[in-house]
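Q: So the sequence shown is numbered by the numbering used here: it starts at 6 and just counts up by one.
One should not assume that every hint holds.
What the hints assert, rightly or not - Heads up, simulated DSS-like pairs for lysine-lysine below, C-alpha to C-alpha not over 27 angstroms straight-line:
no.	residue 1	residue 2
1	Lys518	Lys338
2	Lys111	Lys410
3	Lys470	Lys87
4	Lys518	Lys410
5	Lys239	Lys93
6	Lys470	Lys481
7	Lys111	Lys87
8	Lys157	Lys111
9	Lys413	Lys495
10	Lys329	Lys494
11	Lys410	Lys329
12	Lys345	Lys518
13	Lys481	Lys382
14	Lys413	Lys353
15	Lys87	Lys170
16	Lys392	Lys353
17	Lys518	Lys470
18	Lys495	Lys410
19	Lys157	Lys329
20	Lys494	Lys518
21	Lys413	Lys111
22	Lys481	Lys157
23	Lys382	Lys329
24	Lys518	Lys413
25	Lys329	Lys481
26	Lys494	Lys410
27	Lys413	Lys470
28	Lys495	Lys111
29	Lys239	Lys87
30	Lys518	Lys495
31	Lys345	Lys111
32	Lys157	Lys87
33	Lys494	Lys470
34	Lys353	Lys382
35	Lys470	Lys410
36	Lys338	Lys382
37	Lys353	Lys410
38	Lys518	Lys382
39	Lys413	Lys494
Hints are computed from structural coordinates only; laboratory data are not their basis.
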Amino acid sequence: MTGQQLHTVCRHLRRLASAQSVGGLSDAQLVERFVGTRDEAAFEVLVWRHGAMVLGLCRRLLRQEQDAEDVFQATFLALVRKASNIGKRESVGSWLYKVAYRAALKARERANRRAAREGPLVETPAAATANDVIWRDIRPLLDAAVHGLPDKYRLPFVLCYLQGKTVSEAAEELGCSRGTVGTRLARARERLRRQLAHRGLTLATGTLMAALAQSHAKAGVPESLIATAVQAAKTGPAGAVSADVASLTEGVLRAMVLTKVKCVAAAVLAVATLVGGVSGFSYHMRAAEPPDGEQDLLVAQLAETPRAGDEARSDTLTIPGWGKSEDPVGDCKFTIARNKLTIQVPPKEHLLDAERGVMNAPRVLQEVEGDFIVQVKVSVDFPQGTKSTVEERTPFFGAGLLLLKDDKTYVRLESAHMISGGTDELSYLNWEIRKDGSWDRQGDASELPLSDKEVYLRLERRDGKVYCGVSTDGAKWNSLEPIEVELPKKVHVGIAACHDTNTGYAPEFSEFKLFRAVTR
Numbered sequence: 006m007t008g009q010q011l012h013t014v015c016r017h018l019r020r021l022a023s024a025q026s027v028g029g030l031s032d033a034q035l036v037e038r039f040v041g042t043r044d045e046a047a048f049e050v051l052v053w054r055h056g057a058m059v060l061g062l063c064r065r066l067l068r069q070e071q072d073a074e075d076v077f078q079a080t081f082l083a084l085v086r087k088a089s090n091i092g093k094r095e096s097v098g099s100w101l102y103k104v105a106y107r108a109a110l111k112a113r114e115r116a117n118r119r120a121a122r123e124g125p126l127v128e129t130p131a132a133a134t135a136n137d138v139i140w141r142d143i144r145p146l147l148d149a150a151v152h153g154l155p156d157k158y159r160l161p162f163v164l165c166y167l168q169g170k171t172v173s174e175a176a177e178e179l180g181c182s183r184g185t186v187g188t189r190l191a192r193a194r195e196r197l198r199r200q201l202a203h204r205g206l207t208l209a210t211g212t213l214m215a216a217l218a219q220s221h222a223k224a225g226v227p228e229s230l231i232a233t234a235v236q237a238a239k240t241g242p243a244g245a246v247s248a249d250v251a252s253l254t255e256g257v258l259r260a261m262v263l264t265k266v267k268c269v270a271a272a273v274l275a276v277a278t279l280v281g282g283v284s285g286f287s288y289h290m291r292a293a294e295p296p297d298g299e300q301d302l303l304v305a306q307l308a309e310t311p312r313a314g315d316e317a318r319s320d321t322l323t324i325p326g327w328g329k330s331e332d333p334v335g336d337c338k339f340t341i342a343r344n345k346l347t348i349q350v351p352p353k354e355h356l357l358d359a360e361r362g363v364m365n366a367p368r369v370l371q372e373v374e375g376d377f378i379v380q381v382k383v384s385v386d387f388p389q390g391t392k393s394t395v396e397e398r399t400p401f402f403g404a405g406l407l408l409l410k411d412d413k414t415y416v417r418l419e420s421a422h423m424i425s426g427g428t429d430e431l432s433y434l435n436w437e438i439r440k441d442g443s444w445d446r447q448g449d450a451s452e453l454p455l456s457d458k459e460v461y462l463r464l465e466r467r468d469g470k471v472y473c474g475v476s477t478d479g480a481k482w483n484s485l486e487p488i489e490v491e492l493p494k495k496v497h498v499g500i501a502a503c504h505d506t507n508t509g510y511a512p513e514f515s516e517f518k519l520f521r522a523v524t525r
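Work the whole structure out from these sequences, hints included.
A: Written out as structure tokens, the structure reads:
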């Protein structure tokens with residue numbers, strides 16, 4: 006054995022001994038040691054303990070192994086920099102899952118841009134069965150749904166389904182009872198089932214959980230990846246990670262900061278919009294096309310009050326204050342009465358479905374340039390006991406706001422209803438995005454209040470991100486995590502109604518408001 010080989014073996018044995026000395030500590034204790042003393046061994050145990058989960062997620066979302074490894078490194082580099090900011094340190098596994106998911110989405114966007122410039126990379130995957138191909142498409146949808154779970158449900162889910170812990174072990178780590186963990190797991194599974202049913206996936210929940218667990222089990226982490234992560238923790242990222250990894254880390258950390266302030270920003274913005282402004286607010290609102298000579302207003306509503314009795318039957322007819330009605334199928338009716346706009350949608354498929362190329366839902370849209378806020382009150386009495394127009398598909402209704410770039414890229418925020426399993430009636434909030442003709446993500450709005458009959462919805466475009474807000478009274482707003490989507494300066498915004506059932510319905514829209522943001 007050469008001197009260099011002996012040195013390497015001794016160094017590995019010292020690392021192993023150090024890791025064993027802290028290996029019995031909980032995640033919270035390991036994070037405390039790393040934050041307090043920058044204990045390298047504590048950090049290494051965290052990487053070993055959670056590395057397979059992180060790498061499995063990366064491989065499910067990214068086709069290239071190098072991209073997956075970059076996201077792995079970026080995730081643990083984020084932990085190096087932000088470990089002290091993790092509020093519940095026993096939840097580090099859930100925190101890592103969320104960071105890895107965000108970083109993977111950024112890496113996927115980067116890979117797509119690279120492919121557009123250079124052409125797609127030639128992939129040489131191992132021979133895949135038909136079953137492998139199917140699950141390759143389903144697993145990213147499941148990961149998106151897991152990412153959208155509230156923290157209190159995602160944490161036990163990650164511990165039990167992605168890290169293989171028993172309910173008792175998870176309860177001990179979380180400091181709660183086995184019954185509490187079991188209840189939260191059941192609720193997490195139910196939320197995932199609902200989210201996936203909306204996507205047309207009606208597989209048994211156990212089958213879906215097994216799919217995630219299987220991919221996690223296969224995600225062996227190369228020791229070189231762990232060594233690089235530990236080195237970055239010891240010496241800092243300079244020289245330890247690539248420029249791509251450093252860039253991904255910065256991007257995801259910026260997103261985390263924005264997520265923390267989104268609720269405060271949304272509250273301030275709501276006051277500025279509805280009351281008339283806040284001193285020192287960074288931008289103000291004015292009408293998109295103010296009359297000649299009009300001074301900039303702090304708040305000015307663009308939409309006009311509709312005229313009672315107006316009715317639109319044409320596939321393109323301007324409705325004052327709302328925009329142009331569009332009825333691609335030609336069988337819907339738009340009616341204005343008592344300051345409310347009703348869209349009567351007959352029994353037939355009327356969808357906003359970029360994947361299938363079916364974009365024939367009735368809508369009323371207008372063009373807006375720059376940043377804006379649009380909000381509306383939606384009232385709808387969803388029919389019960391309906392069936393889908395397509396056999397074995399979950400029937401659903403949706404009525405709400407639409408932000409449209411084109412038929413391939415758009416954002417929807419809706420009051421929605423579906424019938425799962427043929428009998429389970431569920432009203433919920435649907436918050437989803439399409440990019441370049443593909444489903445990108447669906448936010449979890451299940452924690453937000455929703456009455457069966459009416460809800461206020463809001464979309465805001467600001468600084469390259471799209472925010473959504475939900476309220477039951479139009480005064481107190483609840484916000485969801487913002488999403489990033491590349492949009493041109495001019496887009497179309499307004500309302501839409503869609504369904505795929507054998508029963509017609511007539512959602513009612515009122516209190517429509519549209520504001521344009523102007524930087525001071």
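Q: Go through the numbered hints given earlier and state which of them the structure violates, listing their numbers in rising order.
A: Numbers 19, 25, 31, in rising order.
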